[in-house]
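Participant: Got two chains here, separate frames each, mind docking them using the hints?
Just so you know, the protein sequences line up as chains A and B, in that order. The numbers in my numbering rise by one with no breaks, and the one at position 331 of the first sequence is 331. If you count the second sequence from 1, you need to add 358 to reach my numbering.
By construction, these hints were calculated from the structure, which means they are not laboratory data. This structure is a prediction, so every number in the text was calculated from the model and none was measured. Beta carbons are placed, not taken as given, at the ideal position from N, Cα and C, and that holds for glycine. Errors might be hidden in some of the hints.
As the list claims (entries may be wrong) - Examples of chain A residues lying across from chain B (beta carbon under 10 angstroms, computed):
(1) S119
(2) E123
(3) L125
(4) P127
(5) A128
(6) L135
(7) I268
(8) A282
(9) A288
(10) D296
(11) W301
(12) I308
(13) F311
(14) T315
(15) A336
(16) V344
Next come the chains, spelled out residue by residue.
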Amino acid sequence: MGSSEFFGLATIGYIVAMMFYITYLVIKNKTIGIIGTTITVASFVSHTAAFILRWVESYQLGMGRAPLTNLFESLTFFVWCLILGYLIIEITYKTRSFGAFITPIAGMALGFIELSGISKDIEPLMPALQSNWLLAHVMMSFISYSAFALSFATAMMYLILKTKDKKEPFYIFWILACGMFFIVLAGMAIDFIQFKLITKTSGELITNFLFKATFRAESPFVVITSWLVSIIFILGLWQYGYILRNTIEYFKISEKVLEDLTYKTITIGFPIFTLGGLIFGAVWADQAWGVYWSWDPKETWSLITWLIYAFFLHTRYIAGWRGNRIAAVAVSGFIAVIFTYLGVNLFLSGLHSYGGMK
Amino acid sequence: MIQLGHIASVIGLVTGAFLINIPLGYAREKSKKYSLKWFVLIHLSIPFMIAARLFLHVEFKYVPFIIIGAICGQFSSKVGDKLFKFFSSVKLAAVLIAVIAFTSIIGTIIEQNGDPQNNLKLIERIFGISSAPNIYSIFYSLGFMDMYHSIWFIAILVLFCLNLIICSLDRLPRISKIVNEPLSPLKSGAASKFSIHKELNLKGNIENYRGKIEIFFKKLGFYPIEAASDIETQFYAQKGAFTRYGIYVTHLSIIIILIGSVIGVFFGFDGFLNLPEGEVSDVAFHKNGSGEQKLGFSIRCDDFNVEFYKDTDRPMRYISWLTILKYNKEVKKQVIEVNTPLKYEGYTFYQANYGPMPPGKGVIVLRVTPNGEAEEILKLKVGESFNLAGTNLTATVVQFAPALAFDKDWKPFNYTEMMNNPAVFVVFKEKEETKLSWWVQKRYNKTWEIPGGHKIELIDNWGGQYTGLQVRKDPGVWLVYLGFMLMVIGLFFAMFTSHKKMWVIMSSEKGRVIINIAASANKNRTAFEEKIDNLSKLLS
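Chain B extracted, bound-state conformation (with noise of 0.2 angstroms):
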């Protein structure tokens, strides 16, 4: 502990040194090269340090340390000076994007924490086979197979991110003085140096127009300020100063996704689960491979069921039924398919995939309709046998096939090992002896019924199925949504509003009332321009 508190007052001195001496540093490089003020402002920080270094008994081997700090302090000012011309450069921002883009390229075209042979493969057709083993090791070694979490790559992202804030930050003060500024009268003679410039020579006096002009300029959507001198009067109005503010909106938006996806990387939880039906599971599964996580809850999978489409093996829904136990007991059940997850106390559970158990798992239920007779629910394992009521026939479930299908020797196999079509092979005997043997398939209804007026339809192969759940927790998520909007919000305001400006200048000459008619927009000039012209029409 002693050694820490000693290391941490070595710490202190040299961050208090390096700075004490950022002004110090700053006032230097304003005043003359060696002056006296000059030398001062070098020596004034030495005996304050030297105090500090005796007070905090911080030993005398660290003071190289704590002279570089204060060196750094007294040069940092120029430094930053340099660093922030560095990044609030534009040139960057293009080379950045460029650099970002290029490299994107690349990782689309070698696949991604794919299988090394597709890539190595790749490789083999553009540089030859034999160079291909050096080349791939070079890309690999460069973190190019998971080249979106290499170090490079984040830090091209870090460079951006810094050069967007320091971009915006460099221009942020101009802005806002042009959005505070209020607008004043125009000087005589300045309106015809707008771009948007009108001159309109009219019959009357001043009074007249008067009105006409404050509906020429409501029609707009501004509320002019007047101003009159002895020679002319003046109408003028600004609106949507505010709007110049959208394309920071939008970077800051972009810095809010960001520091949304970096919390939820380094505080989220991004795993799976695979949840066989009927069972209980209180842990999910690290994605990378680092082991479970307990979730404080148990979740259990009650049942999953793949819907197809009619007749075929497109797959209509995945549907996992789910049930939420905390202590013991029923807390949330909810269904979740593909495009509506689960959530429950920061975690979310999505259906990714599903899957089958290894062979004689699960449950055969059947729904039995004897001829004449009441309709049953039975649950058997494969082999085990039933009596088909109002007869001497013993159905016994000899087979489970999760997708059968018949070759053209009509021999029964499995088309796939998922549970597109299952079915069960149903032997019936009387006295020992066979008297039919019958597949009941789950899709077609047809083979449900069976000689002598009897049913047999299969319901479920319940717990012969596994559901893949994705499990996630991104305590960064709401941010990411956060900046979402704000990039719309910005976006809107950046590319469809403007900054309008407009002066009415009037001033009567001979019994003419000249009109000069002079605006700026930053955007969108020329439609600005055009309801000018418009509007201008009715004062005439």
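This is chain A alone, in the form it adopts within the complex (with noise of 0.2 angstroms):
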């Protein structure tokens, strides 16, 4: 079996995880909760063997390197950081009510690989990318990355907890953050059924169709239709949004926990954020060429996600925020990082263009 077959294994995993914590959730059966840790386990031993093995497999390509430098390869291990956060975190708090909200990200991950249609072939390294700073920016960038997940996830369930009325703007900042994931990823499936599965168009998907078949179609009554259904999608969620913190109270998981998970998953984040995200690429672009900084697009996102985690911890330390106003902060962090991450590679040119889709 080759990288990708171990790889193959671990996505369905951890779908079938993801279904079984959620199922965990509903139902409240004990079974089913070890059921999906037990998966959750061998899938991210499979994906850990997945990972080595594309090492191994790049070095009889003769390129020999980190699989770490394309956005699939990139976007794995994102998921493998989030997987091991997770386990972690299930086995020093000894609850299994995390994984419904986690392995979700894992999930949206892994669907946006496939959604998207990215290249998932070892290429060899362009030359600005041969150097030793590659491993350490990379892997720094995306543990930070993970850890920033977990924090969004925590500070997610800490808003459906803490908020009650649905006229609360903390409420409604959580469910607009919630169904837009949910819509972006729903466009993206319908893209792929429509171009992949039914008219099997050539083209690399997200580059050439993203939301062609459903807000950006051609025909008007499609674009009117899903902006319909996209409203009607949030407002339901608005409406039984309750029933999601009724699950979440029935775990007894206390909000002091979440908040402080949240602050804890930051403060590790953010330092590696800073050294090996910030440092390490300032330092690696002034060794490359001869700039260490030069606010172009993937700098200035991650300049912007800095400051927002800044602003949590000073807001915390220094102003004593704590609550939904800290735990908004926190949800807007992420979506700085994914950001940071997908937008900038997706919609915006520079110099990081190698993560990017062509």
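Facilitator: Structure below.
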């Protein structure tokens, strides 16, 4: 078996585990939870094997490099870190209830890989990437991204748990954030079905067809329907958001633990992001291009992300912010992370274009 | 010169009037309004100013400026106070962070220094075609097309810096007081007010526990001080007080990085040099088009080459062979690649790009091995010929192609002007009669084998390419790196260490010992509490 088979197994495993975790949250059967954990651990092992094998395979192909160089590899590494982080939380806090909130982030990342149609090939490195900084810069960036993803999940749970009034701004905030994630993913799934399964159009899916089957379709009828369905979906979420709250309440996850976890994961992610993402990135750019900072979109968005998390820490330490406000900052921080990582590659051009889709 | 000296004395006098009045104004504000003291403090500087004006021969017409200087001095403490308050507010920091983040987003959407057409199209899509040109010109005049270098963006960064400095200065005295304050024993009953508090009621007397408590402290890395009174014995210690400075080290590092980058912008050189193979230059060119800069030495490109991944057009390495010459003597030779630049006398040369020279430039280098003969290196120009040793054949290099490919009718063409697959078209003639014509391609060794057992290898078209070097001199970069290091150190202490204090108070009561443990930590309190919990089990 090669790396892609192991990775395929892991993908299926994570998605099945996600279903088990969600079922566990709904029907609260302990066996289901144990099965969820077992599948997650098995998939994680398979994923680790895939990671190592891919590294070995790159040597066999005569390229010899760490599997962290393109969008596919970095996304899978992100998932790997995220699952590892989740398993650590599950063991230290002895609760499985986070699974239903964290595995969907992994599921989304994996779904994104499939739906976007990005290349999974082991490709040779372009000269600018042939540096020892690559490993440190990319690895640390993604470790911090996954720490931020964990803080996002716990902050989201906090908001779900703490907002009771439907007219509360923070309730609307989490409904919108949550709803948007699902709408984007659903939009991509429809693109995938439309262009890959039905018409079998050639070309990379995401660069050519993103939302072409829904929001950017040629027929105005489809566009209007897409918007209507999205609005109805969000309104439905808004109406029935309390069901989620009730389930979290059932598991007796204290809001203090959630707040604590959000803070802890950010205190881990922030220094790693500063060192690996910003500083190593700057030092590398200085060596390769002779500029440690050039305001290219990726750099600028990293700075924006960094500022948001710096804002989080300062409002917490100095202004003494707690509760919903700070949780909303943590959620916004991760939205910035997603944009730094995917949005810049998809929509904006710059020095980091090799992380892109082409 | 006399004129200049005069202006200097005027400026000196105005500044002097301003400076003298700062403390006077400060004292005036403290005194009672309209009192004699108040009156004196306002007018005290006047005789001195008159004397100084006469002594320096400053004309009477400058008196209003001196008075304005004096008034500014009188009120500066008030204004300074207000400014200090304004800049020390965390709210301002939050606003500035938000403003920087938001404007930066705009800067990533509008292509910076990009093609105006692209940005115009973008604006058309957002605001509609009719209003786009107007909006574009508004954006243009606001500096959005080169936003990060516009005056207002730099002003925001300067404000942010001031805010950062003043916020830190505002807090530092308080923090240093906390850090330097020696720990004192707790008053009785104060222990229960601490966020971490444990009370143990144990058998025995105080002496039984003295040793255990010392171990308890040592296990946590504390060196306890003992204080005894008639009723109780206390052990107390603190650790990591200095870690409270961590965040200020981080703030300082940001300032240092910004100072370093400003030095780089003002005193550095940012340029490029396109150097053809075999040529020498003693200048480099400014990126912004403002001419050339003398390097103080010469640089020569001995060769440039692109290596590709096997049989593909994916570049693997860009390599330049460079030589530094000083007073016409070779002083340094280095091979550079994308991640390994050359450094010399403060200048750094980076491999940035490359390109072809106009057709016909360059010498074709061939390694010719006729059947059964020794190999020979030949350097030829297009159109030149050589004899194939051991035969009567004359070979002529008719054509050079940088990136040879064949279309479906087997017609040759160049698929790029870069040297991706350099090839030469060689025609072999015997007494004016063409025997054979052949493409020798550098990339494919099968094409090196000529019918008849001869071998011709294309080594290079030397002089046919230039290497594109990025040339930089940045006297501020070491400060930036220093800032990076300080930032990491500061963040480590700010995030992962804490200032911990602990007191253990023992008192005996009816043959039993009551031990009160009180502790605090400015960060990660729960972890500290857990440690204390675990260790306190050792006592009982």
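Participant: Indicate, hint by hint, whether the structure satisfies it.
Facilitator: Hints versus structure:
no., hint, in the structure
1, S119, "violated, 13 angstroms"
2, E123, "holds, 8 angstroms"
3, L125, "holds, 8 angstroms"
4, P127, "holds, 4 angstroms"
5, A128, "holds, 5 angstroms"
6, L135, "violated, 13 angstroms"
7, I268, "holds, 8 angstroms"
8, A282, "holds, 7 angstroms"
9, A288, "holds, 5 angstroms"
10, D296, "holds, 8 angstroms"
11, W301, "holds, 6 angstroms"
12, I308, "holds, 7 angstroms"
13, F311, "holds, 5 angstroms"
14, T315, "holds, 7 angstroms"
15, A336, "holds, 8 angstroms"
16, V344, "holds, 7 angstroms"
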